[in-house]
Amino acid sequence: MLTLIIFLSHPYQFNDIGRAIEATYTISLSIIYFYSIYTNSESLFIEKSPLFWLVVGLFVYFSGSLFSFLLSNEILNQEIIISDYSWAFHNMANIAKNVLFAIGFGLLKNDSPSGE
Amino acid sequence: MILIIGTFGMLLMAFSIVLFIYLYQRKLIKKNLENQQIQDLLREQEMKATYALLEGQDKERKRIAAELHDNLGSILVTLNMYADTLQTKKQEDVPALAKKISEVAQLANEETRKISHNLDSGLLKHFGLEAAIKQLTEAISTARKIQFQTSILIEKISSDVGLEIYRIIQELVNNTLKHSNCSKVHLELSQVDDSLTIIYEDDGVGFKKSEIVPGMGLKNIENRVTKLDGELTIDSSPGKGSTFIIEIAQL
Chain A
1 MLTLIIFLSH PYQFNDIGRA IEATYTISLS IIYFYSIYTN SESLFIEKSP LFWLVVGLFV
61 YFSGSLFSFL LSNEILNQEI IISDYSWAFH NMANIAKNVL FAIGFGLLKN DSPSGE
Chain B
117 MILIIGTFGM LLMAFSIVLF IYLYQRKLIK KNLENQQIQD LLREQEMKAT YALLEGQDKE
177 RKRIAAELHD NLGSILVTLN MYADTLQTKK QEDVPALAKK ISEVAQLANE ETRKISHNLD
237 SGLLKHFGLE AAIKQLTEAI STARKIQFQT SILIEKISSD VGLEIYRIIQ ELVNNTLKHS
297 NCSKVHLELS QVDDSLTIIY EDDGVGFKKS EIVPGMGLKN IENRVTKLDG ELTIDSSPGK
357 GSTFIIEIAQ L
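Residue numbers (my numbering), protein chains in the order written: chain A, 1 to 116; chain B, 117 to 367.
In short, the hints are calculated from the structure, not lab data. Wrong hints could be hidden among the right ones.
To be verified - Below are the DSSO-like pairs computed for lysine-lysine, each with C-alpha atoms no more than 30 Å apart in a straight line: (1) Lys109/A - Lys143/B; (2) Lys343/B - Lys300/B; (3) Lys143/B - Lys97/A.
To be verified - Covered stretches of chain B, going by a simulated chain A footprint (3 or more residues, C-beta under 8 Å): (4) 126-132; (5) 138-151.
All C-beta atoms, glycine included, are put in the ideal place defined by N, C-alpha and C.
Please take these sequences and the hints and turn them into a complete structure.
Here's what the structure looks like:
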């Protein structure tokens, strides 16, 4: 993985393949997590689990930005205005992720044994 | 263009997966809640049946006590009186008195036999397997909108066996409520001499025998049937309801 990240892209280019692999890897892990919830068939109020929100955050972010990463070098070579608009997808996914993380961490606070 | 389609495609996929997991969990929680309610209902019924049993036993005991006191007691008092008189009577009156004593003793004997006979059959009759089953099915019909059709023809069942049978039926009902999603249940108990046949049918979703999941309670039923030296026949296929036939040859 590290070899890929370091050597597959040109040193002065955006590390597109590295980030795409990262995204795919995280998406796979998230799907494994969802699948484990599905097969576990344990009834729990999933929306109250911080882990769930965090995983959803990562899942949404990397799903939303996978194509931005794949096409990043093309995007960066475009005119500046097109390039900016193209990154908007990535940024929206990022905002969504941050909101989901915030919800997850908020729940984590409620969950803490000290109750503070 | 690829960017837009790809990104939205991925986001759509992410959204649907998350939604699916969320809805699935919801469904699971709802189902568990329903199962919990069924368990509560059955437990409540069981408690009622136990109370009915205890009450029946108590009533029976009181009846026997009353019978002992009123009949046998008074006969024995009479017998005692004659025996006392015998000691003070003259020689020529003795045969007549002895005859009377013999008659009263005969009466006491008969009374004892009657009571012991009552004791033998009365208690069993009072267990009220029939009443317990009817109570169970009625409670479930009202709570779950399932139409129960029962026909119970039993004569004499010992309370141990009765309790086992009640438990088997309870487990069958439990399974029906949890898994079958049915609207009609037919329950038939018929006893001929010493053999008993239980037929339990529902018009629910049915199941494949190869797909029986452990924990369905079937093992439990099987164990009880084996304990009673009976035979369990299951006839079911998906979409065609299920039928359980339990035959106990020697009660």
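Between Lys143/B and Lys97/A, does the CA-CA distance stay at or below 30 Å? Holds. Lys143/B to Lys97/A sits at ~26 Å (cutoff 30 Å).
Tell me if chain A covers the stretch 126-132 of chain B under the three-residue, 8 Å CB rule, please? holds (count 5)
Would you say the stretch 138-151 of chain B counts as covered by chain A, given the rule of at least 3 residues with C-beta under 8 Å? holds (count 7)
Are Lys343/B and Lys300/B close enough, with their CA atoms no more than 30 Å apart? holds, 29 Å
Please work out if Lys109/A and Lys143/B have their alpha carbons no farther apart than 30 Å. holds, 27 Å
The structure meets every hint from the earlier list without exception.
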